[in-house]
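Work the whole structure out from these sequences, hints included.
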Amino acid sequence: MPIDFESQLQSILPVAYRMARNLASCPEDAEDLLQDASIQAFRRYETFEHNSNFRAWFMKILLRVHLNRVRDKARHPSIENRDFEDEIEQNYLYHRAKETYGGDPAKMMLSRITSEDIRLALAKLPIEFRTCAVLYFLEEMSYEAIAQTLDCPLNTVRSRLHRSRKLLQKELWELSGNAPEATPKSEAAATKPEAKRKTKWMAKFEAITLNFSLAHLRFGGHLA
Amino acid sequence: MMKRIKIGPLDLYGCQEAHDLQDDYIDGEIEPLEAKKVRTHLKICRLCANKFRFEELFLREFRTKMGATEMPQYVEQGVIDALNEEKNS
Chain A
1 MPIDFESQLQ
11 SILPVAYRMA
21 RNLASCPEDA
31 EDLLQDASIQ
41 AFRRYETFEH
51 NSNFRAWFMK
61 ILLRVHLNRV
71 RDKARHPSIE
81 NRDFEDEIEQ
91 NYLYHRAKET
101 YGGDPAKMML
111 SRITSEDIRL
121 ALAKLPIEFR
131 TCAVLYFLEE
141 MSYEAIAQTL
151 DCPLNTVRSR
161 LHRSRKLLQK
171 ELWELSGNAP
181 EATPKSEAAA
191 TKPEAKRKTK
201 WMAKFEAITL
211 NFSLAHLRFG
221 GHLA
Chain B
1001 MMKRIKIGPL
1011 DLYGCQEAHD
1021 LQDDYIDGEI
1031 EPLEAKKVRT
1041 HLKICRLCAN
1051 KFRFEELFLR
1061 EFRTKMGATE
1071 MPQYVEQGVI
1081 DALNEEKNS
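Residue numbers (the working numbering), protein chains in the order written: chain A, 1 to 224; chain B, 1001 to 1089.
No lab work stands behind these hints: they were computed from the structure.
Among these hints, one or two may not hold up.
Below, a list of computed lysine to any residue pairs in the SDA-like style, where the Cα atoms sit at most 20 Å apart [unchecked claim]: (1) A:K170 x B:L1059; (2) B:K1087 x A:E6; (3) A:K107 x B:R1053; (4) A:K166 x B:E1061; (5) A:K107 x B:E1017; (6) A:K166 x B:K1087; (7) B:K1087 x A:F5; (8) A:K166 x A:Q90; (9) B:K1065 x A:S176; (10) A:K166 x B:E1017; (11) A:K107 x B:M1001; (12) A:K107 x B:L1057; (13) A:K166 x B:L1021; (14) A:K107 x B:R1060; (15) A:K124 x B:G1067; (16) A:K60 x B:G1067; (17) A:K170 x B:E1017; (18) A:K166 x B:D1027; (19) A:K170 x B:N1050; (20) B:K1065 x A:C26.
Next comes the structure, spelled out in structure tokens:
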């Protein structure tokens, strides 16, 4: 006997809300989106195949409702050809954190990012990017699955995710209050010159190690 | 910056090739042979290895914190009310 619509919906509601909250720019929009998607799903429930995945079916509806709402509301022009984020370097967050903290940037930087920062950063992404980012980061969908869901080429997904990462990292750096003064001055004064000295020394050491590794690989290959 | 080295069967990616494939590698969206070449590069290039490690940790942290969104109690009631309204209309 098929399970009734309400029971199925209730079981996935927290997950659906999470997706709606990350897609929408504010909690009110997320609630509206979830309610609209629930009504649409209820109307189409007869078309749902009961041996298939209700969650995946519902998420597709939610996504479609979201995209329609955004298109209707803002009539967003396509942003594929805009190059505003091209000036953001790759590994943006890594470089900023390394410059500011030295040492282990991951340890110093990543714990400072909050869930709220992430939501705010996502909300600033252009809609096409945000949709891809939510499907990839939250739903952990493959590029192929995202391309199918959004009905766009695989390389478009790849490019949107690549650009989303850059924009998100820049936004998160600004949002998470990682100004240089965030580090106590005494600590900064103590660590920075040392980090510089280390970098110079380590660069020499790395060059030697690299040459050694390459030589090993070359001669190892010939000997084998 | 390490350059690509290709001598006979030996083909080692340089920093630029690894850099270009960084996101695809971290996302597991890369051909096995390419992944192997990136891995080899990371073994011998500490600078790239540090960057890749940071990006992997960033992805993990991002996912964990993004997934930590809790649904407020009233949201469920709002959905039930909207569905009831739809049924009665």
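Structure-based check of all given hints:
With a CA separation close to 15 Å, the supplied pair K170 (chain A) and L1059 (chain B) stays within the 20 Å bound. The suggested pairing of K1087 (chain B) with E6 (chain A) holds, with an alpha-carbon distance near 12 Å, which does not exceed 20 Å. Our distance criterion of 20 Å between C-alpha atoms is met by K107 (chain A) and R1053 (chain B), whose separation comes to about 11 Å. Taking the CA atoms of K166 (chain A) and E1061 (chain B), the gap is near 16 Å; set against the 20 Å cutoff, the hint holds.
For the suggested pair K107 (chain A) and E1017 (chain B), the alpha carbons sit about 27 Å apart, so the restraint of at most 20 Å is broken. For a cut-off of 20 Å, the pair hint linking K166 (chain A) to K1087 (chain B) is broken: about 45 Å separates their Cα positions. Taking the CA atoms of K1087 (chain B) and F5 (chain A), the gap is about 12 Å. The hint holds against a cut of 20 Å. Distance restraint check for K166 (chain A) and Q90 (chain A): the Cα-Cα separation of roughly 6 Å lies within the 20 Å cut-off, and the hinted pair is therefore satisfied.
Between K1065 (chain B) and S176 (chain A) the CA atoms are separated by roughly 14 Å; this keeps the pair inside 20 Å, and the hint holds. In summary, the hint linking K166 (chain A) to E1017 (chain B) is supported, as the alpha carbons are separated by about 18 Å, within the 20 Å threshold. For the hint pairing K107 (chain A) with M1001 (chain B), the CA-to-CA distance comes to about 25 Å; that exceeds 20 Å, so the pair is violated. In summary, the hint linking K107 (chain A) to L1057 (chain B) is supported, as the alpha carbons are separated by about 9 Å, within the 20 Å threshold.
A distance of roughly 15 Å separates the Cα atoms of K166 (chain A) and L1021 (chain B); the hinted pair therefore holds under the 20 Å criterion. This hinted pair checks out: K107 (chain A) and R1060 (chain B) have alpha carbons roughly 13 Å apart, not beyond 20 Å. Of the pairs offered as hints, the one joining K124 (chain A) and G1067 (chain B) holds, with about 18 Å between alpha carbons and a cut-off of 20 Å not exceeded. Restraint check for K60 (chain A) and G1067 (chain B): the C-alpha separation of about 19 Å stays at or below 20 Å, so the hint holds.
Taking the CA atoms of K170 (chain A) and E1017 (chain B), the gap is about 23 Å. The hint is violated against a cut of 20 Å. For the given pair, K166 (chain A) sits about 15 Å from D1027 (chain B) by alpha-carbon distance, which is consistent with the 20 Å threshold. Pair hint K170 (chain A) plus N1050 (chain B) holds up; C-alpha atoms about 19 Å apart against a cutoff of 20 Å. The suggested pairing of K1065 (chain B) with C26 (chain A) holds, with an alpha-carbon distance near 17 Å, which does not exceed 20 Å.
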